[in-house]
Amino acid sequence: MNDHEIFINLIKNNISEMLETIDSLYISCNSCTKNMLLNRLRRSVTNLSMLVQGFESSQHLSDANDPQQNPTRVFTLAELRKYNGRNGNPAYVAVNGTVYDVTNNAAWAAATHFGLTSGRDLTGEFASCHSGQSALSRLKAVGTIAE
Amino acid sequence: MSDINNNCKNIKIRLETASVLVNNAIEAINQNKIKKGNLIWLELTGCSGNIISLLDGSDPSFKKLATKMVNFIYDNSLMAAEGELAMDKLFGAIGSDFILAVEGAISTKDNGLYNVIGRWRGQPVTALDAIKALGEKASYVIAVGTCASSGGMSAARPNPAACVPVHSLLNRKVIRLPGCPCHPDWFLGTLGYILQFGEPALDGDNRPLMFYSTLIHNICPRRPFFNQGIFASQLGEETCMFRLGCRGPVTRVDCPIRQWNNHVNWPIGNNTPCIGCAMFGFPDKMEPFVSYDITR
Numbered sequence: 000m001n002d003h004e005i006f007i008n009l010i011k012n013n014i015s016e017m018l019e020t021i022d023s024l025y026i027s028c029n030s031c032t033k034n035m036l037l038n039r040l041r042r043s044v045t046n047l048s049m050l051v052q053g054f055e056s057s058q059h060l061s062d063a064n065d066p067q068q069n070p071t072r073v074f075t076l077a078e079l080r081k082y083n084g085r086n087g088n089p090a091y092v093a094v095n096g097t098v099y100d101v102t103n104n105a106a107w108a109a110a111t112h113f114g115l116t117s118g119r120d121l122t123g124e125f126a127s128c129h130s131g132q133s134a135l136s137r138l139k140a141v142g143t144i145a146e
Numbered sequence: 000m001s002d003i004n005n006n007c008k009n010i011k012i013r014l015e016t017a018s019v020l021v022n023n024a025i026e027a028i029n030q031n032k033i034k035k036g037n038l039i040w041l042e043l044t045g046c047s048g049n050i051i052s053l054l055d056g057s058d059p060s061f062k063k064l065a066t067k068m069v070n071f072i073y074d075n076s077l078m079a080a081e082g083e084l085a086m087d088k089l090f091g092a093i094g095s096d097f098i099l100a101v102e103g104a105i106s107t108k109d110n111g112l113y114n115v116i117g118r119w120r121g122q123p124v125t126a127l128d129a130i131k132a133l134g135e136k137a138s139y140v141i142a143v144g145t146c147a148s149s150g151g152m153s154a155a156r157p158n159p160a161a162c163v164p165v166h167s168l169l170n171r172k173v174i175r176l177p178g179c180p181c182h183p184d185w186f187l188g189t190l191g192y193i194l195q196f197g198e199p200a201l202d203g204d205n206r207p208l209m210f211y212s213t214l215i216h217n218i219c220p221r222r223p224f225f226n227q228g229i230f231a232s233q234l235g236e237e238t239c240m241f242r243l244g245c246r247g248p249v250t251r252v253d254c255p256i257r258q259w260n261n262h263v264n265w266p267i268g269n270n271t272p273c274i275g276c277a278m279f280g281f282p283d284k285m286e287p288f289v290s291y292d293i294t295r
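Taken in sequence, the protein lines are chains A and B. Taking numbering that gives the first Met the number 0, the leading residue of the first sequence gets 0, the next gets one more, and so forth. Taking numbering that gives the first Met the number 0, the leading residue of the second sequence gets 0, the next gets one more, and so forth.
Bound conformation, chain A alone (with noise of 0.2 Å):
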């Protein structure tokens, strides 16, 4: 079994796991045995699009095939800095060289995330707290950091 097949045999598993949870949560009236399920299905969702990304990876669609993913912008680390959320201006962060848009993500609210602030390069940030996780795939890219 290649890498692609075993991808997809994990991902009908994650589906139908995710269909059973969903029908428990149908027939289910206690509300802490629903929050128990509702937890399983989050779990779940974030196996799914794990699950996803290393498929995409595996079918080699890398970041420059992507047109989201291949921004052309080049920005410096002083030009990043205006884009701070404050004073009408968007709110931007750089991770692994690629610079993302904040602005309207839920987690971000006033332009800041945990005591972080935007216009920045947080990439050691981003891996000591979201590593191994897809939070990146649900930002849009916007542009790179010059070399």
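No lab work stands behind these hints, which were simulated from the structure alone. Computed from a prediction, not measured in an experiment: that's the story for all the values here. All C-beta atoms, glycine included, are put in the ideal place defined by N, C-alpha and C. A portion of the hints provided could be inaccurate.
Listed next, the in silico SDA-like pairs over lysine to any residue satisfying Cα-Cα at most 20 Å (straight line) [as the list claims (entries may be wrong)]: (1) B:K284 to A:D22; (2) B:K284 to A:T122; (3) B:K11 to A:Y25; (4) A:K139 to B:K172; (5) A:K33 to A:V51; (6) B:K63 to B:I33; (7) B:K11 to A:A134; (8) B:K284 to A:A106; (9) B:K8 to A:K81; (10) B:K172 to B:A155; (11) B:K62 to B:E83; (12) A:K81 to A:T102; (13) B:K11 to A:C28; (14) B:K11 to A:M35; (15) B:K88 to B:D128; (16) A:K139 to A:N104.
Selected chain A positions facing chain B (in silico; Cβ < 10 Å) [unchecked claim]: (17) S23; (18) K33; (19) N34; (20) G84; (21) A90; (22) N103; (23) A106; (24) W107; (25) A109; (26) F113; (27) L115.
Given chain A, work out where chain B should sit, using these hints.
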């Protein structure tokens, strides 16, 4: 509660969770199916806001807790005994089966000398001494409020007394009920569950799923405004306060449903953003609480 919410079965059931658990526990105690619990409540390095919040509980109420549900052995604000007699009661519980509720962080600088909670046998007893003596001996430890759960206000920068949360000093599981203060329902419902069934289902951070499973943002009555990109540009506008700094999207608890002061209202319902008081990292990592210098 608004009329709209009254029609939602999920909201109705959630609102009853704590009172059902407490009433069932009391019934089981009356029928001798389970024993009354012994409860010790330590007020350590904090503002004592959690015990005040507990007194504000209505259904279930503090009276039910103290008279029908537990033997309330120790709380320095509420007990009749004082001085050495009170400390005798506190340390006399060691060896018996008791549940330990802790509010406030623990000051650790200079051996905890910045928070002395009493004197026993002629010696000062620090918060650090108390948590070390009682924390490992309790059948359950519940960290009540944000300071006990994650350091909170007491451990905020520059944290001069080197305050730390309860779990960081104990080599055991600590059930964490963050919130500044903790809602009476969250504590009483958790206690009612423990008395009947033992440890409730917890998330990865040891918060009971029955109260802490949902992001405020996901059940916020102003969520439709967020989805449509209609944002308040100043306090008082009854739309989504995301751009002003609302922390509902990162705070996991059921305030929008449960509400406060006998289920009357809650911050967003009163036109102020959620400041993330029930989220780890509060207050430092939840700042700015309100910002007018915002994106367009």
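Okay, the hints, checked on the actual structure:
1. In summary, the hint linking K284 of chain B to D22 of chain A is not supported, as the alpha carbons are separated by about 38 Å, beyond the 20 Å threshold.
2. For the hint pairing K284 of chain B with T122 of chain A, the CA-to-CA distance comes to about 18 Å; that is within 20 Å, so the pair holds.
3. With a CA separation close to 17 Å, the supplied pair K11 of chain B and Y25 of chain A stays within the 20 Å bound.
4. Between K139 of chain A and K172 of chain B, the direct Cα distance comes to roughly 40 Å. Violation of the 20 Å bound is thereby established for this hinted pair.
5. The hinted pair formed by K33 of chain A and V51 of chain A fails the criterion: a straight-line CA distance of about 26 Å is larger than 20 Å.
6. Pair hint K63 of chain B plus I33 of chain B holds up; C-alpha atoms about 16 Å apart against a cutoff of 20 Å.
7. A hinted pair counts as satisfied when its Cα atoms are at most 20 Å apart, and K11 of chain B with A134 of chain A does not qualify at roughly 33 Å.
8. Under the criterion of a C-alpha separation no larger than 20 Å, the hint pairing K284 of chain B with A106 of chain A is consistent with the structure, at around 12 Å.
9. For the hint pairing K8 of chain B with K81 of chain A, the CA-to-CA distance comes to about 48 Å; that exceeds 20 Å, so the pair is violated.
10. Simply put, K172 of chain B and A155 of chain B have alpha-carbon atoms about 24 Å apart, too far for the 20 Å limit, and the pair is violated.
11. Between K62 of chain B and E83 of chain B the alpha-carbon distance is near 26 Å, which puts this suggested pair outside the 20 Å criterion.
12. Straight-line distance between C-alpha atoms of K81 of chain A and T102 of chain A comes to about 13 Å, which keeps the hinted pair within the 20 Å bound.
13. With a C-alpha separation of about 11 Å, the suggested pair K11 of chain B and C28 of chain A falls inside the 20 Å cut-off, and the hint holds.
14. Proximity of K11 of chain B to M35 of chain A is assessed by CA-CA distance (about 18 Å); at most 20 Å being required, the pair is judged to hold.
15. With a CA separation close to 16 Å, the supplied pair K88 of chain B and D128 of chain B stays within the 20 Å bound.
16. In summary, the hint linking K139 of chain A to N104 of chain A is supported, as the alpha carbons are separated by about 10 Å, within the 20 Å threshold.
17. With a least beta-carbon distance of about 15 Å to chain B, the hint placing S23 of chain A at the interface is violated under the 10 Å criterion.
18. Hint status for K33 of chain A relative to chain B: holds, with the closest Cβ pair at about 7 Å, below 10 Å.
19. The beta carbon of N34 of chain A is positioned within 10 Å of a beta carbon in chain B (closest approach about 4 Å), and the interface hint is therefore held.
20. Given the 10 Å rule on beta carbons, the hint for G84 of chain A holds: about 5 Å separates it from the nearest Cβ of chain B.
21. Evaluation of the A90 of chain A hint against chain B yields a held restraint, the C-beta minimum of about 6 Å falling below 10 Å.
22. Interface restraint check for N103 of chain A: the shortest CB-CB distance to chain B comes to about 7 Å, inside 10 Å, so the restraint holds.
23. Taken as an interface hint, A106 of chain A checks out: its beta carbon lies about 5 Å from the nearest beta carbon of chain B, inside 10 Å.
24. A cut of 10 Å between beta carbons decides the hint on W107 of chain A: the least distance to chain B is about 8 Å, and the hint holds.
25. A least Cβ separation of about 3 Å between A109 of chain A and chain B falls short of the 10 Å threshold, and the interface hint therefore holds.
26. Contact between F113 of chain A and chain B, as hinted, is supported at the beta carbon level, the nearest pair being about 4 Å apart and thus within 10 Å.
27. Look at L115 of chain A: its Cβ gets to within about 8 Å of chain B, closer than 10 Å, so that hint holds up.
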